[in-house]
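Number of protein chains: 2
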Amino acid sequence: MRQKLTQNQQKVMDYLKQQVKENGIAPSLRTAAAELDISHAAVAQTLKFLEDKAYIRREGRYSRTLHILEDTGDIDAGQRQKQIPIIGRITAGLPMYAQQEWGGSLILDAALYPGQNLFALRIQGSSMKDAGILDQDLAICEPRQYARDREIVVALIHHEEATVKRFFLLPDGIELRPENPDFTPQIYGFDEVLIQGKVIGIVRGGMEG
Amino acid sequence: MRQKLTQNQQKVMDYLKQQVKENGIAPSLRTAAAELDISHAAVAQTLKFLEDKAYIRREGRYSRTLHILEDTGDIDAGQRQKQIPIIGRITAGLPMYAQQEWGGSLILDAALYPGQNLFALRIQGSSMKDAGILDQDLAICEPRQYARDREIVVALIHHEEATVKRFFLLPDGIELRPENPDFTPQIYGFDEVLIQGKVIGIVRGGMEG
DNA sequence: AAACCATTTACATTTATATTGACATTTAAT
DNA sequence: ATTAAATGTCAATATAAATGTAAATGGTTT
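These protein sequence lines map, in sequence, to chains A and B. Take the first sequence: its position 179, counting from 1, is numbered 299 in my numbering, and each next residue is one higher. Take the second sequence: its position 23, counting from 1, is numbered 143 in my numbering, and each next residue is one higher.
No lab work stands behind these hints: they were computed from the structure. Watch out, some of these pointers could steer you wrong.
If several chains are the same, the list does not tell them apart, and a pair holds so long as it fits within one copy or across any two.
[As the list claims (entries may be wrong)] Derived lysine-lysine pairs resembling DSBU-like cross-links, with alpha carbons at most 35 Å apart:
#	residue 1	residue 2
1	K124	K249
2	K141	K249
3	K249	K137
4	K131	K249
5	K249	K202
6	K202	K141
Taking the hints into account, I'd like the entire structure generated from these sequences.
Dropping the structure here:
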């Protein structure tokens, strides 16, 4: 939804529309200023507001070309919104919703994260630091019961602890490798690890401090 | 269960819902006051009650942004989506609004990223790797003309090159420090660097392969 | 009595508007 | 090419309007 215009902005807007319609080109700042009986810089300032509010679009630095934007507004936004749950803990295969979050859900861009039944997991610790996954990040995950070599996955170890690691398939087991030299890779038997999903993205917020 | 509203509070609540739906933004106190035919302070007071009872949520001290909350205490999903532009290039000191050479737009969670006029910047290179910011990530930025010590900022160097670095204020200049040992910090004079914004979040997608 | 509703008044902050003057760029004339 | 005029930009500044907040006060409802 476009922001509404103030009275003054509407006046300038109307004037612009009329001028463009009559002459095919926008008037110069000083011409407009004279007709509107204000200073040229004031006109320039109002044009800035109009551009901010997406009513007009100007091109180039010193050109007078100016487009009047119709209200075509990107309404496709509604289709692009996707709401996924934020999982707190994963225990015994049953994901538990994290209620301490914002209602336990996260809005994200469907265009960026294709797939269905995605979920988000809040990262604890910095074991995947070198993969650009930090403590408190939200990992966007796609549910999966299997994994391919070198993928970053959400794994449940011993039906208890959920962790995010890089997955390696060994001849006789599974290696879950952190991406941080302070942590050591762990090797498990096939029956010790349950793959829960694959990490397909990261969302980090709250970098206020 | 939420506390029930009084008749008056319900009236104001209904009015707010309708206004937010129509205009996408809450009316000013005095506008609301005029339409409800009470004083502006009365509206403010009722808003406080509504916020206490978790029916609405307001942001900032002097901002008009207001969210309608659902029964569960969540922000209504419709209000939680926020669409921000993805800035493609930052060129020659042009102010932000002029650079909207559509790299597209991004939907994100308004609850996670408060603030107005946010924009996104696609990261090139891995100079901020150790801060968990990787190549091709989308940096969520808040427009800012200044920066505080140690903040991660978007800076324009010599009116040409836009970079994301950690900001340090020195006695006689500015240090822009990468977070990657392969890169070296750079020191600039005050007039060589233009702060364009502050990085408040990261969105990473496409970790398919 | 306590919670709620409402008013008036004063105040701080933000946003919009406007001015002036200097400057850089473009355009047109020479 | 040079010059002059027109034009857009920018900075500093100022003012007005809109807006949210707070305090003091009193009425109404429960």
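Tested hints:
no. : hint          : result
1   : K124 <-> K249 : neither (45 Å within a copy, 42 Å between copies)
2   : K141 <-> K249 : neither (42 Å within a copy, 42 Å between copies)
3   : K249 <-> K137 : neither (44 Å within a copy, 43 Å between copies)
4   : K131 <-> K249 : neither (52 Å within a copy, 50 Å between copies)
5   : K249 <-> K202 : both (27 Å within a copy, 28 Å between copies)
6   : K202 <-> K141 : both (15 Å within a copy, 20 Å between copies)
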